[in-house]
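Engineer: Here is what each chain is made of, one letter per residue.
There are 2 protein chains.
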Amino acid sequence: MSAEPQLLAEAPPVSLSPDGAVFRIPSEEESRSTFSEIAEFAKAHRGRGGQIVVVQGLGFVGSAVAAAVASASDEAGRPLHYVIGVDLATPASYWKVGKINEGEPPFRSPDEKLPPLFRQAVHERANLRATTCETAYSLADVIIVDVPFDVEDRAVQEATEIQVDLAAFERALHTIGRHMRADALVLVETTVPMGTCERIALPILREERMRRGIEEPVLLANAYERVMPGPGYLDSIRSFRRTFAGVDDSSTERARSFLSTFIDVENHPLWELGDTVSSELGKLLENSYRALNIAFMHEWTLLAEKIGVNLFEVVNSIRVRSGTHDNMRYPGFGVGGYCLTKDSLLAQWSAANLFGVDTELEMTLAGLKTNYEMPLHTLQLAEEVAGGTLAGKTIAVCGVSYLAGLADTRNSPTETLLEGLLEKGARPRLHDPHVATWIERPEIDIVQSLSDALEGADGVVFAVAHEEYVSLAPEDLLACLDGNAFVVDAQNVLTDAKARLLHEAGRRVIGVGKGHWRKNHYDVEQ
Amino acid sequence: MSAEPQLLAEAPPVSLSPDGAVFRIPSEEESRSTFSEIAEFAKAHRGRGGQIVVVQGLGFVGSAVAAAVASASDEAGRPLHYVIGVDLATPASYWKVGKINEGEPPFRSPDEKLPPLFRQAVHERANLRATTCETAYSLADVIIVDVPFDVEDRAVQEATEIQVDLAAFERALHTIGRHMRADALVLVETTVPMGTCERIALPILREERMRRGIEEPVLLANAYERVMPGPGYLDSIRSFRRTFAGVDDSSTERARSFLSTFIDVENHPLWELGDTVSSELGKLLENSYRALNIAFMHEWTLLAEKIGVNLFEVVNSIRVRSGTHDNMRYPGFGVGGYCLTKDSLLAQWSAANLFGVDTELEMTLAGLKTNYEMPLHTLQLAEEVAGGTLAGKTIAVCGVSYLAGLADTRNSPTETLLEGLLEKGARPRLHDPHVATWIERPEIDIVQSLSDALEGADGVVFAVAHEEYVSLAPEDLLACLDGNAFVVDAQNVLTDAKARLLHEAGRRVIGVGKGHWRKNHYDVEQ
Numbered sequence: 001m002s003a004e005p006q007l008l009a010e011a012p013p014v015s016l017s018p019d020g021a022v023f024r025i026p027s028e029e030e031s032r033s034t035f036s037e038i039a040e041f042a043k044a045h046r047g048r049g050g051q052i053v054v055v056q057g058l059g060f061v062g063s064a065v066a067a068a069v070a071s072a073s074d075e076a077g078r079p080l081h082y083v084i085g086v087d088l089a090t091p092a093s094y095w096k097v098g099k100i101n102e103g104e105p106p107f108r109s110p111d112e113k114l115p116p117l118f119r120q121a122v123h124e125r126a127n128l129r130a131t132t133c134e135t136a137y138s139l140a141d142v143i144i145v146d147v148p149f150d151v152e153d154r155a156v157q158e159a160t161e162i163q164v165d166l167a168a169f170e171r172a173l174h175t176i177g178r179h180m181r182a183d184a185l186v187l188v189e190t191t192v193p194m195g196t197c198e199r200i201a202l203p204i205l206r207e208e209r210m211r212r213g214i215e216e217p218v219l220l221a222n223a224y225e226r227v228m229p230g231p232g233y234l235d236s237i238r239s240f241r242r243t244f245a246g247v248d249d250s251s252t253e254r255a256r257s258f259l260s261t262f263i264d265v266e267n268h269p270l271w272e273l274g275d276t277v278s279s280e281l282g283k284l285l286e287n288s289y290r291a292l293n294i295a296f297m298h299e300w301t302l303l304a305e306k307i308g309v310n311l312f313e314v315v316n317s318i319r320v321r322s323g324t325h326d327n328m329r330y331p332g333f334g335v336g337g338y339c340l341t342k343d344s345l346l347a348q349w350s351a352a353n354l355f356g357v358d359t360e361l362e363m364t365l366a367g368l369k370t371n372y373e374m375p376l377h378t379l380q381l382a383e384e385v386a387g388g389t390l391a392g393k394t395i396a397v398c399g400v401s402y403l404a405g406l407a408d409t410r411n412s413p414t415e416t417l418l419e420g421l422l423e424k425g426a427r428p429r430l431h432d433p434h435v436a437t438w439i440e441r442p443e444i445d446i447v448q449s450l451s452d453a454l455e456g457a458d459g460v461v462f463a464v465a466h467e468e469y470v471s472l473a474p475e476d477l478l479a480c481l482d483g484n485a486f487v488v489d490a491q492n493v494l495t496d497a498k499a500r501l502l503h504e505a506g507r508r509v510i511g512v513g514k515g516h517w518r519k520n521h522y523d524v525e526q
Numbered sequence: 001m002s003a004e005p006q007l008l009a010e011a012p013p014v015s016l017s018p019d020g021a022v023f024r025i026p027s028e029e030e031s032r033s034t035f036s037e038i039a040e041f042a043k044a045h046r047g048r049g050g051q052i053v054v055v056q057g058l059g060f061v062g063s064a065v066a067a068a069v070a071s072a073s074d075e076a077g078r079p080l081h082y083v084i085g086v087d088l089a090t091p092a093s094y095w096k097v098g099k100i101n102e103g104e105p106p107f108r109s110p111d112e113k114l115p116p117l118f119r120q121a122v123h124e125r126a127n128l129r130a131t132t133c134e135t136a137y138s139l140a141d142v143i144i145v146d147v148p149f150d151v152e153d154r155a156v157q158e159a160t161e162i163q164v165d166l167a168a169f170e171r172a173l174h175t176i177g178r179h180m181r182a183d184a185l186v187l188v189e190t191t192v193p194m195g196t197c198e199r200i201a202l203p204i205l206r207e208e209r210m211r212r213g214i215e216e217p218v219l220l221a222n223a224y225e226r227v228m229p230g231p232g233y234l235d236s237i238r239s240f241r242r243t244f245a246g247v248d249d250s251s252t253e254r255a256r257s258f259l260s261t262f263i264d265v266e267n268h269p270l271w272e273l274g275d276t277v278s279s280e281l282g283k284l285l286e287n288s289y290r291a292l293n294i295a296f297m298h299e300w301t302l303l304a305e306k307i308g309v310n311l312f313e314v315v316n317s318i319r320v321r322s323g324t325h326d327n328m329r330y331p332g333f334g335v336g337g338y339c340l341t342k343d344s345l346l347a348q349w350s351a352a353n354l355f356g357v358d359t360e361l362e363m364t365l366a367g368l369k370t371n372y373e374m375p376l377h378t379l380q381l382a383e384e385v386a387g388g389t390l391a392g393k394t395i396a397v398c399g400v401s402y403l404a405g406l407a408d409t410r411n412s413p414t415e416t417l418l419e420g421l422l423e424k425g426a427r428p429r430l431h432d433p434h435v436a437t438w439i440e441r442p443e444i445d446i447v448q449s450l451s452d453a454l455e456g457a458d459g460v461v462f463a464v465a466h467e468e469y470v471s472l473a474p475e476d477l478l479a480c481l482d483g484n485a486f487v488v489d490a491q492n493v494l495t496d497a498k499a500r501l502l503h504e505a506g507r508r509v510i511g512v513g514k515g516h517w518r519k520n521h522y523d524v525e526q
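Chains as they are written, first to last, in the working numbering: chain A, 1 to 526; chain B, 1 to 526.
To be clear, the hints were calculated from the coordinates, so they are not data collected in a lab.
Treat the hints with care, as some may be off.
[Said to hold, decoys possible] If you only want the chain B side, here are some residues facing chain A, beta carbon under 10 Å, derived:
1) G282
2) L354
3) M363
[To be verified] Non-contacting residues of chain A with respect to chain B, defined by C-beta distances greater than 12 Å in every case (computed):
4) T160
5) R410
6) E467
7) G515
[What the hints assert, rightly or not] Derived list of chain A stretches under chain B, where covered just means 3 residues or more per stretch with a C-beta under 8 Å from a C-beta of chain B:
8) 199-208
9) 298-306
10) 317-328
11) 360-367
For each residue, glycine too, the CB sits at the ideal point set by N, CA and C.
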């Protein structure tokens with residue numbers, strides 16, 4: 001018994017943040033002791049009439065929401081809420097707690113508003129702290145649930161294959177139920193299968209509260225996040241319309257008044273729905289719509305390439321029809337990220353498993369499958385322009401994140417391309433100006449210099465329209481490229497003029513949705 | 001030889017307009033003789049520096065375009081163009097010629113701007129006339145092609161089954177080629193399969209002109225119409241963005257300058273595409289996008305009904321996301337009209353038959369099929385609420401046109417419902433305040449009074465959200481309905497309050513996308 005602490009002292013468990021910072025994970029006792037200080041501040045805040053808000057789960061959404069809630073002020077500029085972020089004391093999660101307590105956002109984001117927001121909340125206003133201590137829930141007036149609710153595998157072929165990872169969410173709700181005050185509001189912000197509040201969260205909270213002798217009705221609401229990656233990250237929380245619904249009238253009212261404290265509801269009024277099932281469904285439908293519209297464009301992309309049409313130009317001509325067609329998507333490389341790649345699966349899973357109905361969202365799931373496989377079309381273009389085989393060829397893949405300008409690599413379509421390249425015996429060489437380490441594929445080296453990535457490559461694939469690639473001068477690209485190298489533009493990175501220059505300099509150039517390049521450069525006549 | 005004219009004189013061939021007007025179809029000689037007067041006016045107009053514009057095909061689009069072109073004026077208010085509308089001397093078509101020459105639009109439209117426009121053009125400005133005489137083409141500076149390009153059958157199950165009705169279009173182009181001036185511009189406005197200008201029209205025009213010894217390049221362009229039914233009909237021609245492309249630079253320039261004479265290009269700039277294939281594809285893609293987004297919503301409608309969700313409310317909450325989600329469609333009864341029901345088929349047909357490529361627009365065609373079959377879901381709801389069978393039941397179907405507020409019955413989804421009802425042994429009773437005669441189903445009687453239609457019916461289906469139905473007071477509806485009658489609301493005609501009233505008065509009420517009615521009224525728990 002006495003040897004073990006010694007051992008721990010020699011090699012304490014640590015948690016590594018993506019940018020390389022090392023945080024020692026505190027023991028339960030240490031955590032409790034640090035928390036007692038947080039609790040003092042929190043209680044003092046309540047003593048002054050403020051609320052205590054606990055955010056459960058400090059991922060992309062939870063951490064930013066914690067900072068946004070902490071930024072809410074009364075008319076005199078004093079903090080309305082004392083915010084405590086809670087995450088797990090594990091190597092995979094603790095660094096987020098550590099980062100926040102240092103006054104920094106745990107995730108890189110192009111939104112310049114985020115770093116000062118965390119700094120102010122932690123160091124100046126002193127109303128944001130993070131902890132691993134579950135006691136936090138016992139203090140909360142409001143508990144925001146931002147833990148993941150994910151599927152086991154996104155690459156499913158059949159509706160019946162969909163498996164959701166319910167455990168983390170259920171555990172999180174049990175924890176809340178064991179600690180929460182009787183009159184605290186639980187606000188589910190995570191994207192969840194419809195029916196989750198009524199059929200999963202409510203029974204768990206009731207059960208845990210019953211054990212504690214609490215018989216009052218649970219205050220529970222859904223207010224799904226619409227967080228958008230990119231420079232408008234924070235605005236997508238504070239200055240964006242929010243849909244919500246409670247499991248009963250009291251829950252609805254509590255949710256409304258809380259949301260109104262940190263959302264600019266004057267300019268972006270809340271939208272109340274009749275029940276939480278509708279609210280949960282809304283989020284899934286909203287993202288499924290987007291995903292399907294991307295998938296739809298893919299089949300027209302394949303057509304346009306074959307008949308010599310520049311589909312970008314055509315889409316632009318259609319998008320002028322504002323209100324009906326201005327959200328038409330462009331040809332592209334694929335779909336990544338946390339939401340669009342899975343939300344339709346949650347809806348289908350819920351229909352079968354939470355409601356027991358036999359509806360199959362056929363078109364929706366077909367769209368998801370199309371999106372998932374989309375990068376394989378780029379692979380095919382590469383193979384074609386390479387003269388039929390990629391075996392043994394060094395392919396520079398430019399872009400690892402799932403969206404231009406972002407460092408986020410979750411479910412990046414580049415991973416699908418990578419696997420395709422490896423399968424075909426190619427030697428992929430990855431580059432991304434925003435990504436130093438590919439968290440999901442740590443074994444893959446990310447080349448840090450673009451010229452190093454391009455030099456000697458047999459071909460290059462532009463998979464993400466990062467500004468660094470878009471602004472690349474054709475002469476610089478030419479200087480890096482071998483005389484026989486080919487270029488595959490999967491994301492409209494090159495202009496027609498650049499493509500023509502490359503073509504005239506003897507480099508084969510092909511592009512997703514760029515039927516006109518094929519027609520103009522190679523005179524393909526059907 | 002002498003007996004025949006006698007016979008004709010006794011029973012001259014006539015053409016009947018939908019509103020019952022009878023027009024005697026002129027003989028070729030009569031047509032030529034009337035035309036010589038038109039030709040005099042036209043030539044005099046050209047003598048004053050104006051252009052002669054011939055519109056081929058006086059259907060929904062052609063007739064309105066003819067009037068719009070005739071309304072173009074120079075700065076002094078004088079007509080820029082002399083417009084001659086041409087259609088066939090057949091019972092099915094001639095009445096349009098007759099109507100226009102009387103100074104009336106041939107079609108009923110809720111757009112109040114149209115009747116005065118025809119009256120002015122024909123009677124006051126005297127620069128619009130219609131004829132059946134082909135000689136008209138020989139006068140034209142610009143020939144606008146507005147003849148139909150249709151598919152044989154819209155209810156196809158497989159891409160390979162798609163058959164297009166090429167004959168009318170090819171005949172029309174041959175006629176133009178036999179008569180047109182060497183330097184006339186042919187402007188295809190009809191929605192056509194991509195490749196039609198380059199691969200169908202151009203060869204025909206060249207062939208006919210060659211026979212006449214004309215060797216100059218053909219001036220040919222595509223400028224597809226975006227005509228929208230409803231009160232903004234004329235504005236959708238004159239005050240709406242227009243995409244166009246020519247087969248060569250001269251064609252493009254001629255098209256641009258002509259379109260600029262009658263379209264408000266200052267506020268709605270023209271959009272030039274690189275080639276006619278792109279322009280033709282644009283129209284098909286644009287309508288396919290709309291059609292797919294309607295189909296997508298249908299599978300979520302089925303889900304929402306089963307899990308008790310009011311999908312209208314959810315869609316409204318999502319449509320606030322302007323720019324990305326504000327064109328999300330609502331649950332509904334089906335899709336009708338001339339365009340959305342066939343344009344995807346033209347694209348698929350072109351891929352295989354004009355370009356010989358194997359692309360299959362799977363998702364697009366699946367969407368079209370969903371839309372076509374959508375009214376059968378309403379049939380199913382009727383059957384369910386009727387207690388399992390519709391056999392022998394009198395069903396009042398409210399709405400025959402394909403869109404609220406319109407008289408247009410082309411490809412109306414009500415026809416699909418009608419067939420389903422007949423198949424199930426029901427006795428349908430049709431009503432539509434805008435439709436006196438159902439042109440496509442003349443054997444079906446349209447009951448003229450709504451109370452007559454409802455009286456004694458076992459059930460009523462609201463298939464179109466005509467204002468007359470939406471504004472119906474529940475007590476009036478109740479007064480007409482039998483005590484046991486059921487109501488199926490397929491188009492969001494009833495408010496929740498009205499549905500509750502009907503429910504409380506013992507009428508079973510069910511609605512497309514109205515899962516909450518099912519849940520609230522019948523307490524269906526999954």
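Engineer: Indicate, hint by hint, whether the structure satisfies it.
Structural biologist: Each hint, compared with the structure:
no.: 1; hint: G282; verdict: holds (5 Å)
no.: 2; hint: L354; verdict: holds (9 Å)
no.: 3; hint: M363; verdict: holds (6 Å)
no.: 4; hint: T160; verdict: holds (16 Å)
no.: 5; hint: R410; verdict: holds (20 Å)
no.: 6; hint: E467; verdict: holds (22 Å)
no.: 7; hint: G515; verdict: violated (9 Å)
no.: 8; hint: 199-208; verdict: violated (count 0)
no.: 9; hint: 298-306; verdict: holds (count 6)
no.: 10; hint: 317-328; verdict: holds (count 10)
no.: 11; hint: 360-367; verdict: holds (count 7)
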